[in-house]
Amino acid sequence: METEYYRIYKTVFYRRIFFISVFAVVCFILAVVDLMVGPISACFCSVLINLMYPQNETLHVVIWDYRLPWTLMALLVGGALGLAGLEMQTILNNPLASPYTLGISAGAGFGAAVAYVFGLNVLPVPLEFTVPVNAFFFAFLTCMLIMFIGKIRGFTSETLVLGGIAIAFLFHSMLALLEYFASEETLQAIVFWMFGSLTKSTLPKAQIVFAVLALTSAALMSRSWKITALRLGDEKAKSLGINVERMRIEVLIYISLLTSVAVCFVGIIAFIGLVAPHMARILLGEDQRFLIPGSILCGAIVLSAGAIASKVIVPGAIFPVGIITSMIGVPFFLLLVVRGRKHIW
Amino acid sequence: MRKSLLFFCLIALLLCGCAQVKNVAENKTKTITVTDILGRTVTIKTPVKRVVLLYGLEDYAAVGGKDSLSKLVGINAWRYKMYRPDWWQAWIEYYPRIKKLPDVGQPGKTFQVEEVIKLKPDVVIADRSMYKYMTEDVKRLEKAGIPVVFTDYFPHTNNVTELFNEVNRSAMILGKILNREERAKEVVKFFEDHVIEIVNKTKGIRSKPKVIVFATWSKWDAYGKKSMYNFWIDLAGGDNVAAKVIPGFSGDINPEFVLKANPDVLVFTCNNNFPSGQKVVIGYTVNNSSSAKEALKELINRPGWNKLNAVKDRRVYIIHHGLSHGHLFEFVCLEYMAKWLHPALFRNLEPKKDLQTFYSKFMPMPLHGVWAVRLGGS
Amino acid sequence: MVTVRVEDVSFCYDRKKVLDRINFTAEQGEITAVIGPNGAGKSTLLKTIAKIVQPDSGEIFFDEKRLSRMRKEDVSRIVSYLPQDNVIPGILTVFEVVMLGRIPYLNWRIGEEDLKITVKVMKELGIDNYAKRYANKLSGGERQVVLVAQALVREPEVLLLDEPVSNLDIRNKLEILELIRKITKEKKMTTILVLHDLNLAAMYADKVIILSGGRVYARGKPYEVLSEDVLSSVYGIEAEIRRNGEKIQVIPLRPVKCDGKRQF
Ligand SMILES: Nc1ncnc2c1ncn2[C@@H]1O[C@H](COP(=O)(O)OP(=O)(O)OP(=O)(O)O)[C@@H](O)[C@H]1O
Ligand SMILES: [Mg+2]
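Chains as they are written, first to last, in my numbering: chain A, 304 to 648; chain B, -13 to 364; chain C, 23 to 286.
Simulated from the structure, these hints should not be mistaken for laboratory data.
Don't take every hint at face value.
[To be verified] If you want a taste of the chain A side facing chain B, the calculated C-beta under 7 angstroms gives, among others:
#, residue
1, MET339
2, GLY341
3, ILE343
4, ALA345
5, PRO357
6, SER476
7, GLU482
8, SER486
9, GLU488
10, ALA492
11, THR502
12, ALA612
13, ILE616
14, ILE621
[As the list claims (entries may be wrong)] Computed, partial: chain A to chain C, Cβ under 10 angstroms:
#, residue
15, ILE311
16, THR314
17, TYR317
18, ILE320
19, SER324
20, VAL328
21, ASN396
22, LEU399
23, ARG456
24, SER520
25, SER525
26, LYS529
27, ALA532
28, ASP537
29, SER542
30, ARG592
[Unchecked claim] Computed far set for chain A versus chain C, every beta-carbon distance over 12 angstroms:
#, residue
31, CYS346
32, LYS503
33, GLY588
Model, not experiment: these values are computed from the prediction.
Each residue gets a CB set at the ideal place from its N, CA and C atoms; glycine is no exception.
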């Protein structure tokens, strides 16, 4: 008798493992395709060979200096945004939340614009990093502002959402002010940055994103039960021995790190943080032990697919990946929402 | 009460009518009518003594001569400081009065229509590209009795006849307004002669070297099919390979595509803005080519580029963005393109010298500075 | 097992005094029913015992341990608290919802033990046949049972249930309370229930605490405290109370004054 229920649990468990493996396989396939697609055509074998050693010098350079960083960046940034979105929705208890709900994107955008317009650097870093460092700095500053509001008014989801929206408006208007005074070229650069683009990816940047993603996801995984409990409501979570406010702060810090690092290198890709967690949740349920890897993989899938499309749509030119991801992601997402038998939130 | 109001209105109407009649009477005596580049018919009181200039101080001075500068009462200094810091420096050094002129701003950005109205100019001169940002303001200005005239020297096509037509019309508008029509003709002739000289030589060219033009202010921003560079390259007998993938004016190009296309010539167009901000490396105020060379070295430091034909042959150039479009000396850009694309054919062509001649003939200041630099070469 | 002793506990929301020097003891192996009109402070009292809110003054003792000195995690291992509102958010199966009651004990890998207890409690409460259904697609009553199960899987020493049977039909009310009583006796749990149904309180509680306006109006065995006078002054109703030894039955008749003013 007992074993019967054990079996129920096991089937659910294995079904989730199955979904996650499917995600992982899709991710891998997309990554390989991403490596193969480009103006210089390359088959799977030549990609593989040139990854190892420079058989064809041009292809070797192309793969190592352009395609690999882009591919990795797409996977990692997608994953980081997926994870950040998941946790944002969880701690704010709001299905509409995304890493950008709290004005983080607006902050990052403002930071980037400051760099573009004034060439101002908040920290002494090499030129190439001016924009990302500024974006990171302001994104993180936004998070700190929100913390500050939470500190005064209590870390309830309402306070955070409303405070965040207010801050978002503040940064949006400051950004608009900067854009107003910017020259045409600068404006173009800012707008392009805001669309999100993988063109500035490099391996070291990918390494940074990887490190942050690995650390935060490990930290979040180790707290997965507590975070799951947050979904049951503040009172329930408290009665389960969880310090709800401290948990929110902790998770918010991880979200800040993830989002800031993700946006600062590739700009704003708004859609993934909202949708990847929902895709994962519909298929995996609320259990954070599965949702965390699931959301990371879903985010990676969506952005990789977007990256491939951005290369294919106008071969030779670069279409902003942020635009593409929404365009290909929305129909897929709607399909899940409309056709799925389960509820969404 | 009501009666008196009616009476008042009547009086007011009458007065207005009188004023209008009087205006018409005045207009008849001394006005000119010009058709601007947009086809708008504009009536301007003459002689023109007060001018607000939103674009093209160079062309204004070239056509109007030195004394036309004293007619300026307002200027779009914002644009100069933002896009042509070196030219701005030159102008205010030779003519400090320009620095003190009120800055009326850039249409669509910082333009202040009230400031313009306050200055009571006889005419406002603007560039065609500004019209879409100031349609409402134009109406306001016209209501205030201030005519606005649009000109345009930008090459919108590789059809030489059309280009000449537009440049000619624009210059003649200036000539008419400033009462310098003879001089305007001279400038246009100078322009046309230099273009024709190039075009005649490149007409029959079969083997067209591949070239890509990048902007310095954004890493992968290349000039596409509808850009002036595409037309110059076309006229100079080259193949702008970026036009194949960028159908519009400019856009980000896939870095791989550059490696695959393997251009023979690479050109960077520089308005002294870089992703990191403004830094003057080329132009009127620059004394030697080292800063531009430094910038070039930085710009071509991209993975795989040392394998490109252009880089191997050192056929990598940086050019001042102001030469490429929007001015009566834009033929210089065409000359540079021709020389860089077909060095043997244009061995005797000296674009800088031609620019020098233009300056000494038409501009109220001598030519200084560095305008185009080749990577590492002679 | 622990005895819960509430000593002089006062609590304010903003300026409003909600609990005013509450004193009582809940013994192990007994069901203590807290009754009183809406807004009397019953839920708030339970929250102070669950350490969800901190009393402004006074102290709660679990045996001799002061609740204010205990860590939240430790409290959560001893106390199970079921809030009054029974919503179950999220995409969770009934099985998962019940299992989440064991969060204080769960490791990253769910242990055999946790699964066993979950299954056992679900069976006891008769919800095992919808283990795989999604919890927020259940009826209000079904959901309430699931949440009671969630409170029970923790195998707490102190069980705090805020109106655990308010949405159930009459049979289920009796069954669930029966079960709670059984477990309370077996496990020597200290159970505190908030109930609105005075008859159920009289039937199942070993002790009744009547809260009114944040104060303890009366406490003791049901047949001692529930009287016509008490009901009249606490609730403002006329009622008939039939007594049969220690068993009593409350038959409400009418409100004393129909002035339309609510007491809260
Ligand atoms: N979060 C809060 N903020 C301010 N006041 C509150 C809050 N929660 C409850 N109160 C007030 O405290 C008093 C006691 O509330 P409590 O929920 O403890 O009542 P209750 O006895 O459980 O009532 P019911 O039988 O309706 O559940 C009420 O007057 C209520 O208005
Ligand atoms: Mg209550």
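Go through the numbered hints given earlier and state which of them the structure violates, listing their numbers in rising order.
The structure conflicts with hints 1, 4, 5, 6, 7, 12, 13, 17, 18, 19, 20, 22, 23, 24, 33, although it agrees with all the remaining ones.
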